[in-house]
Every structure is written in structure tokens, then in C-alpha cells.
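One letter stands for each residue in the lines below.
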Amino acid sequence: MDFSVQDIVDFAPDLFKGAVVTVEITLISMIFALIIGLAVACIRTSTLTVLKPPAILFVDVLRGTPLILQIFYIYYVLPLAGFALDAFTAGVIALSLNYGAYLSEVFRSGIEGVAAGQREAAWSLGLPQRQIMSLIILPQAIRAVIPAAANYFIALFKDSALVSVIAITELLRAGQLLAASTYKVFEIYTLVALIYLGISYPASWFTAWLESYFRIGKPPKARKPKRAAKASGPVMEARP
Amino acid sequence: MNASSVDSAALTAATEVEPRKIVEIQNLSKWYGSYHALKAVDLTVRLGERIVICGPSGSGKSTLIRCINRLERFQEGSLIVDGVPVDDNARNIDTVRREVGMVFQAFNLFPHLTVLENCALAPRRVRGLSQATAEAMAMSFLERVRVHDQAGKYPMQLSGGQQQRVAIARALCMKPRLMLFDEPTSALDPEMVREVLDVMVDLATEGMTMICVTHEMGFARRVADRVVFMNEGRILEDADPTAFFESPTHERTKAFLSQVLSY
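Top to bottom, those sequences are chains L and A.
The opening position of the first sequence corresponds to residue 0 in numbering that gives the first Met the number 0, with each subsequent residue numbered one higher.
The opening position of the second sequence corresponds to residue 0 in numbering that gives the first Met the number 0, with each subsequent residue numbered one higher.
Just to be clear, a hint being listed does not mean it is correct.
[Said to hold, decoys possible] Label pairs and their computed distance ranges (CB to CB):
hint : chain 1 : residue 1 : chain 2 : residue 2 : range
1    : L       : 50        : A       : 201       : 45 to 55 Å
2    : L       : 128       : A       : 83        : 17 to 27 Å
3    : A       : 245       : L       : 214       : 20 to 30 Å
4    : L       : 115       : A       : 19        : 39 to 49 Å
5    : A       : 145       : L       : 128       : 25 to 35 Å
6    : A       : 259       : L       : 204       : 49 to 59 Å
[Unchecked claim] Facing chain A, from chain L, some residues (calculated, C-beta under 7 Å):
hint : residue
7    : 119
8    : 197
9    : 215
[Unchecked claim] Which chain L residues face chain A? A few, computed with CB under 10 Å, are given here:
hint : residue
10   : 80
11   : 116
12   : 121
13   : 123
14   : 132
15   : 134
16   : 138
17   : 139
18   : 142
19   : 202
20   : 205
Simulated from the structure, these hints should not be mistaken for lab results.
Bear in mind that the values here come from a model prediction, so they are computed numbers and not experimental data.
Ideal Cβ positions, reconstructed from N, Cα and C, are used throughout, including at glycine.
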């Protein structure tokens, strides 16, 4: 139970490879989850009555079953129906669908949280429905849900360890394999934990920055110097 | 040259006699569930007219003007805006909304867009103007409501009075034929009411057709061609300001006026 520099040097290459896979799975799954979540939220807040029941069913099924079961299902059961997937793809699909379902609820709350007056003002200007959504509602809704979505992003990063059950050698499984051959469980799992922490902790700084960057109505100067310079013509003068 | 001036003289003479109807409301009824909000309302507004609608809260004034650009549906009767029936036809609704501007009690500016972007958005997206043209026009309207020096700011950085003037400019940028004002000064601090009313008076002087729901009786006296008094979903009074303030016909109107004017 004593760390030696040699251990770190020995384990680093495998753990590094595993960490790269973990980050890849997280980023790819997050992108798809955001797309799925946004699409489902738009359907659920729209007037597309035909698409609403399937969207609700999707969210209920994915929130109501364990993620690890969904991973098994996509990897082991779908091939029986002719959809054979490699482990990486299956893992990404499972994580994307699961987090897409959760994120759709986050986006939905954001969309429904935009003041009714915003829609009314946009209607009164004659803006078409699609542009009201893309130019007025979503920019405000997305800003409002950045903290919640960032939470899910970090949760997804940690849940990506679950795909180790279908033999994807991401960070956790890379550690498991090393532990199985060297029995240095303390050193290895401590290193694995430190790597997870080393990635997720700066990620939370990033989300804090993201949140402040997109804060609505912040003085443009503090937000985006270039744009403030463009917006303030010669007629601009500071309000006392 | 001569002929055309005669023509235009004849035209103005004709329109002075009978300007065209811009809003025709007939027998309009609206229910919220079982609550009867508007009861067989009739109202006609002609081009260039300034109408002030007043009445106690819950009398249906806001609901009525929100029906004009279909922010509210109604169940019975008919409503025609500049020849276009406001019905379930989405194209008609779009047409009417493009031609009718609205100013809200809570301003409803888009908080994620600058003042200039707020104003230029609809002309670009709905009228199809280029960004430069739309922004130049937005700037000219912002100048008219005297907030052009705030063009690069976000709505939250402005005072209430400034925000409401921006909202007026935003509506004007669509070059509407009719402006609806839904209690535009009710959410303002007292000292900001004046700057907004001044802009509205300017607009009225320039001949804009407007329907204003407001409790500003001084404004009504000064600019209204007709004052409409509503109570419990009905129009009780529809008269010129002098008649309305000096000799209202209904007891309810007298009671309302004594409440509003006594302070």
C-alpha cells in the first residue's frame, strides 16, 4: 500500500488510453444527448400532437429503467433483431438516449419558463412560429438551463464508467484490468479516482464560466468586448 | 400635375368624410371556460382615429384589444382588421399581426437582444429587409422615441420608461397601420409615465391610428377622438372625450370617473 513513482510510470499509459476513451464517450454522448433532448423538448412543447405521445413514452421508458440495463439491452438484445453494434457504438447510443431523455426535461422546463409575454411580443410582430422558437424562445431557454445541463454533463462523464460492463476499455475498465494482473488495487483505483477528479473538477469551472458568459443582459463590455465595440457607434454615450 | 392634385384633393375630401374602417368588431363574445369575458361587443375604428378604452379591472378591455391581433381567441361574432377577417386562418392572422403593432404593460422586450436588435429583428425576418436597412430604420425610430443613445445596450440596462419607448419603436419599425397599447404606463414609476405619454402624443399627432387601454385620463382628454368605457365585458359608453367626461350617460361610468378623477 505504498505509492511509488515507478507504479505511476507503469500504469500511466494504460490509464491514459482509458481516460481518452472515457472523454471520447462522454463528449460524443453529450452532443447526441443535447440534440435528442432539444428535439424531444421542442416536440413536447409544440403543437405536433401526433409526435407528443411517442416523445412522452420515450422519456418515461428511459427514465424508468436502469441505465446499465439499457446498455445491456442495446448491446445484447438488439443484435437478436439484426442490429449488431460494436461495444463503443452501443455504449454511446445507450448514454445518448438516457441522457437525452433527462435533458429533454431540462430543456422543456427552460422553454416553458420563458415568460409568456415574450411569445406574445413575437406574435404581435408577426414573426413566424419557427423563428419565434429559434430566435426568441430557445436562446433564452438554453441560457436558463445551462447550470442544470452542466450538472448532467458531469453526471454523464461519471456514468460513462458503466459501459465497462460491455467490455469497453475506458478509464475504469483500464484500471480493473491492471488491478487484475498486478493486484495493486490501492494504487490503481486511487489513480483512477484522481484522473476522474482531475477531469471533472476543471469541467465544473468551465460550466461556471459558460454560465456567466451567457448571462442575459450582462453589460456587453464584460461579455464580449468585440461586439460591444461594434454595437456602440459614435452616438453612444455612457448613462450616468 | 394639375389633374393629380385635384385627384388627391378629391381623395382627401372623400377620406375626411368617411375614412376607411380599420377595425370592425361585431357581436364579439369570448368565454374563459364558463366565465363570460366579452359580451356581444361592437366597435368600429376608422383610419386615423385615436380610441382610448378604460374601465375597471376585469372589464375586458385588455381581452378586447388582444383579440384584435389574435393574442386571444374568441368564440362568437366577427372581427375584421383592415378588410382581413381575424379567424382560424393562419395566413389571415399573420397578415393582421404584420400590420398591427402592440405595446404591452410589461414591455416584453427580448432580454437577450440589444435595443437595436430588438427593433431590427422583425423588419429583417418578417419584412425581409437587409440588416443594414433594418438597423438604419430601427435607429431612426429609436431617435424618434429619444432612446437612440441606448441602441447598443440590453433592455435590462434601461429604465422602465426607456424600455417602454424602445417597445414602441420596435412596434413602429414594422410600419403598422394600427397600434394597440395595453396599459403602456401601468408598470412605470410615476416620473417615467410622462416620457412614454409624450411619445404616444407625438404618435397621435402624426396621425397614427391607435387603440389605447389606459387609465391616463389626461391623455384621453388630450388626444382621444373617442373614449370607450367598458364594464363586465360590455361597452357601456362610446363618446368623444368632452361628452364622456362632462356628461356620461351611465351611472357606472359616473362612479368610475369619480373614482379615477377624485385624486
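Comparing the hints with the structure gives:
| no. | hint | verdict |
| --- | --- | --- |
| 1 | L:50 x A:201: 45 to 55 Å | holds (48 Å) |
| 2 | L:128 x A:83: 17 to 27 Å | holds (19 Å) |
| 3 | A:245 x L:214: 20 to 30 Å | violated (54 Å) |
| 4 | L:115 x A:19: 39 to 49 Å | violated (33 Å) |
| 5 | A:145 x L:128: 25 to 35 Å | holds (34 Å) |
| 6 | A:259 x L:204: 49 to 59 Å | holds (57 Å) |
| 7 | 119 | holds (5 Å) |
| 8 | 197 | violated (35 Å) |
| 9 | 215 | holds (5 Å) |
| 10 | 80 | violated (42 Å) |
| 11 | 116 | holds (4 Å) |
| 12 | 121 | holds (8 Å) |
| 13 | 123 | holds (4 Å) |
| 14 | 132 | violated (12 Å) |
| 15 | 134 | holds (7 Å) |
| 16 | 138 | holds (5 Å) |
| 17 | 139 | holds (6 Å) |
| 18 | 142 | holds (7 Å) |
| 19 | 202 | violated (25 Å) |
| 20 | 205 | violated (21 Å) |
Hint violations for this structure: numbers 3, 4, 8, 10, 14, 19 and 20, all remaining hints satisfied.
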